[in-house]
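Trainee: Chains as they are written, first to last, in our numbering: chain A, 1273 to 1613; chain B, 1273 to 1613; chain C, 1273 to 1613; chain D, 1273 to 1613.
What the hints contain is simulated information worked out from the structure, not anything from laboratory work.
Mixed in with the good hints there might be a few duds.
Identical chains share a label here; the pair holds if one copy fits it or two copies do between them.
[What the hints assert, rightly or not] In silico DSBU-like links for lysine-lysine, alpha-carbon gap of 35 Å or less:
#1 Lys1342 / Lys1291
#2 Lys1339 / Lys1391
#3 Lys1291 / Lys1475
#4 Lys1598 / Lys1499
#5 Lys1342 / Lys1391
#6 Lys1362 / Lys1291
#7 Lys1342 / Lys1278
#8 Lys1291 / Lys1339
#9 Lys1598 / Lys1278
#10 Lys1475 / Lys1362
Predicted model, so just to flag it, every value in this text is computed and none were measured.
There are 4 protein chains.
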Amino acid sequence: MMIVMKEGATEAQIAAVVKRVEAVGAHAHISQGELVTVIGAIGDREHVANLGLEGAPGVDHLVPILKPYKLASLQYRRDERTIVEVDGRKIGGDHFATIAGPCTVESREVMLDSARAVKEAGAQLLRGGAYKPRTSPYSFQGLGEAGLRLLAEAREETGLPIVTELMDVRDLEPVLEVADVVQLGARSMQNYTLLTEVGRAGKPVLLKRGLSATLEELLMAAEYVLKEGNPNVMLCERGIRTYEPSYRFTLDLMAVPVLRELTHLPIVVDPSHAAGRRSLVEPLSLAAAAAGADGVIVEVHPCPEEAVCDGPQALRAEQFAEYLRKLEAAAELAGKQLEVV
Amino acid sequence: MMIVMKEGATEAQIAAVVKRVEAVGAHAHISQGELVTVIGAIGDREHVANLGLEGAPGVDHLVPILKPYKLASLQYRRDERTIVEVDGRKIGGDHFATIAGPCTVESREVMLDSARAVKEAGAQLLRGGAYKPRTSPYSFQGLGEAGLRLLAEAREETGLPIVTELMDVRDLEPVLEVADVVQLGARSMQNYTLLTEVGRAGKPVLLKRGLSATLEELLMAAEYVLKEGNPNVMLCERGIRTYEPSYRFTLDLMAVPVLRELTHLPIVVDPSHAAGRRSLVEPLSLAAAAAGADGVIVEVHPCPEEAVCDGPQALRAEQFAEYLRKLEAAAELAGKQLEVV
Amino acid sequence: MMIVMKEGATEAQIAAVVKRVEAVGAHAHISQGELVTVIGAIGDREHVANLGLEGAPGVDHLVPILKPYKLASLQYRRDERTIVEVDGRKIGGDHFATIAGPCTVESREVMLDSARAVKEAGAQLLRGGAYKPRTSPYSFQGLGEAGLRLLAEAREETGLPIVTELMDVRDLEPVLEVADVVQLGARSMQNYTLLTEVGRAGKPVLLKRGLSATLEELLMAAEYVLKEGNPNVMLCERGIRTYEPSYRFTLDLMAVPVLRELTHLPIVVDPSHAAGRRSLVEPLSLAAAAAGADGVIVEVHPCPEEAVCDGPQALRAEQFAEYLRKLEAAAELAGKQLEVV
Amino acid sequence: MMIVMKEGATEAQIAAVVKRVEAVGAHAHISQGELVTVIGAIGDREHVANLGLEGAPGVDHLVPILKPYKLASLQYRRDERTIVEVDGRKIGGDHFATIAGPCTVESREVMLDSARAVKEAGAQLLRGGAYKPRTSPYSFQGLGEAGLRLLAEAREETGLPIVTELMDVRDLEPVLEVADVVQLGARSMQNYTLLTEVGRAGKPVLLKRGLSATLEELLMAAEYVLKEGNPNVMLCERGIRTYEPSYRFTLDLMAVPVLRELTHLPIVVDPSHAAGRRSLVEPLSLAAAAAGADGVIVEVHPCPEEAVCDGPQALRAEQFAEYLRKLEAAAELAGKQLEVV
């Protein structure tokens, strides 16, 4: 932590800060500029942060130097990238993967039709939501455990591993029985008790970035999972809040190369929710792959017009194989392979 | 819902939209402009929204007409404002209230000292966190149940009702035993299972706006609580995410008069977390009261320099009475009374 | 400037940075932490910034220490606040002032009626736009020089000093003939040639914050004016861009107390443009004054329903005196006096 | 324009709105829902907008139906895309182009070395700034007319057309003498007098999106140029302001496919300024091309360490040919050809 003093801070004020820094066992290193003095506090980040020096006499502001995440940082793994393996499918490193399926598990027929289409076209994993976070209490909230059973049936038939969302810590057991990857949605990114439980459960996790989470906050959320001993965390960019009214969310594709410089964890992009309509999904998917993403998660539906939820953004099942071929070419541009299992 | 067709949409496309609207039992009302046709779909909002017409041929975009919240709207109560009463203290309508106390319950001594100071100066309710949502898994996470016991002791001694945060649905029982008002933090605003449980519990709720929640989303979160039969919801503005790097959060005081036009629920402002430092808390509190807020929630500490958490933004206990006097004058400007119990 | 090296930066990389820092005449001060080395570059900010060390081997990131503005900073005037005097009216320090009038100069009758109403109610300065920045090329662009002549007539009749906007550097002469305060609009905040010319002209300037300008950028824009020898700059907060769709702009009232800590320049708030509707103008004005603003600039119209531009946000002339009385009370709460001339 | 009345609006209020709509020559079309009445005002958009109905009794809010831009819309050209041709190089439609060169014209040697490198690698146009908009009045502001002469020399030697920025309307003549494409920077996007003059001048224009401009505002700025009879406008996405502190700006690649649905104008992406560092430029460029951009504008420098301005984000001249090859492959994915002249 660097403590930047105000112009005109007195000797006594500087000495007082040094004393408080040293009181928590940190070392204070003084750097005297022409106008401003900077005190480097070398020691435990949390201890120094807890000193609350922001308000102290003569202090202008504090600049943290060390990153607050450890296990998630690229340095921690000495630049070796994590490859998450789910039932033989790999995501991360040179391995690109596509997770596809309907937004919501809505009926046995739609679920199985989607699963077959996704499998046939060559996607690696199958998605589908049994529990749906909905802004309105009056909207369909998902089939719950009945939906989980349909996902299990779809896996049995197609052999595709299942990615499905967990919203309530009380549903952890049934979700773990079916999910091969537990998804935590954007609204749950800072649900710390959920993060901790999923960390303990040990199954691979797909962690979506919150609607206005910084990359640092996303990595800190991953740190909650990693800290419990679960190394299989995939990060997912799904669009952030900006002032632009033309989109539902602004897909932040800069996050892809920037996260690659910060972390060893695989980075997946969800273009469907930001886009909100089918015509944008392909260009955004290609862009994500070209930018270096390790995978995409997209919505595919056999008949989007009849989907219970988010139909307008779902790719049509019959276009999906062609979409995957282009995606493969884009991933190759970034040095990755889309393995068709 | 208004369905705006593209320029040059064909008769057949218009007819197809009308057919789908009518298929869900809604009435389609066509309005033909010089360039563009607009179809009004009159009927159940959810049904029409679920049609997924955004992607349909010839459709440009959809404009929702009805507000998605019902119980939270000012019309629902025919312009009569909700007054939440907590153990004799009133918030809402003409009644202004101040909720004060330390950020975190950190020790018996600090908790009781704070409670006495807050009581003596004339605040109406006592705040203090036993469970703390922390960005870092390495930060102090609160005293938990031991903290709840200290809050109970503070209430016993001072008679002040307790406002404290609930983060995990599994802690509902112990929190309800101690809390007079259950606080849901910004990160939990869209934790829908938590909202539902708190709605069922029936105790007054202080619902903080999410870091990037729109006012409509805040009201929809309140709707989850109201729908379960709990009418005692207070909304809390606590700062939003913007591009401005000079503040931790941008306190959105426009929310105060705008929410007053949309809802009958009381509106409380938390200036401490956005400010991040003591010097800003008073001007922002006065501004909130002058803008028409029904209350403020502030952090007060007997010795901020030694606070475990967020000391720099805590008001000093000895300045608190003077602060309350000015706050009272500002609330009066907006036609409200700060009742010193 | 502090140069933060990456974890694992080599001795050679550190030495290379030191060498480049010293090559531009700055002093390099090394601070070695357990994990990370920080190099303080002490010397000319611009020279060090121009080194472009962000890309250099082993460098993680740079942290500027000194603020980039000088003349605008509170330290520069040793905590003495600037009081701008316009024809006997004072703004800044303990002096609160109200600038009022129609959005646009639209006709002789409306202009003179507005001016009389504003004068009678007790405002200090008269506003009115002859040149209007409009998003659409098809909108009314202002009366231009004819509008300036009407402003001159209104001043002659009422004695009120005139605040009016300059958009094009080629209109500098005619605007200077009429304006007592030259307004630079939000869209012109980073029009550097305009800032420089207005700085040379010497007349008081009302500088509006850009739609997404940081406080630092606003102060840098002021610095362009101050640097040319014109000390009479007033800053104006008028709402920023955020994700919230319920408002036209989000009025950032935190800017008021934060700017007071950074600069000696007076701070004026424009509540009308962010609000976009009359009912919000009074609560936001009172909040601005209670937060410590040095003045407000509001739109007042004798008959808002017939205004050419922005009628819905204009206060009605007959309500204006009552509004001013409340505003005076709010300014007093913050220790300021609204002088009725 | 649709005028949405409040729940409970009276017959008289509805009649009053209809009367005002009809008074400006528009037709009022009433659509009565169960709870809410909507009045469609069919006629001149500006006239209806100027009615200022937002404040009228019983009115809840207004919804514009027609897009405010005309000449820039895809419909205006009946879905035919504009191809801008600059001295034989084409941008738009199926034609992808790369504009490259140093940020600033800083010296004869650097300018000519850059131009040769850019030419040799196969870029289509040469960029370089003679006038530089700088946040700080103390920063280097460009070589001005001397810089323009160096650009002219570079064109003469390499044959590459020149893209250079115009900031001040008083520099129009000398810039037009040298520029083949006149660039308007992000800070000038709403400098309406500059837009009008550039529209009259007739030379191709590269119009950068403002730091927080919506896509609609960008298209309205283009409309100012088009309206003067200049059809050769290229739009440029260069990063927007968001809350994310890890980047200088957030490159908004969603703008590419969304603008393609709204306008016939070519869309160019500038990845350098948002990135701020070299390592991000290639992945973002590939993503832009894969998303369907018509071109990129990037900074290339023979020796970035010695650049006067923005060196860290400049590609090294020796890597540039390899970068162009990958870019070509990405553009092909989106159905475009990068023509190496």
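Trainee: Give a verdict on every hint.
Mentor: Hints and how they fare:
| no. | hint | result |
| --- | --- | --- |
| 1 | Lys1342 / Lys1291 | both (28 Å within a copy, 31 Å between copies) |
| 2 | Lys1339 / Lys1391 | neither (41 Å within a copy, 41 Å between copies) |
| 3 | Lys1291 / Lys1475 | neither (46 Å within a copy, 46 Å between copies) |
| 4 | Lys1598 / Lys1499 | neither (38 Å within a copy, 39 Å between copies) |
| 5 | Lys1342 / Lys1391 | neither (37 Å within a copy, 43 Å between copies) |
| 6 | Lys1362 / Lys1291 | neither (52 Å within a copy, 45 Å between copies) |
| 7 | Lys1342 / Lys1278 | both (31 Å within a copy, 14 Å between copies) |
| 8 | Lys1291 / Lys1339 | both (24 Å within a copy, 26 Å between copies) |
| 9 | Lys1598 / Lys1278 | between (56 Å within a copy, 30 Å between copies) |
| 10 | Lys1475 / Lys1362 | within (14 Å within a copy, 48 Å between copies) |
Violation of the numbered hints given earlier is confined to hints 2, 3, 4, 5, 6; the remaining hints are satisfied by the structure.
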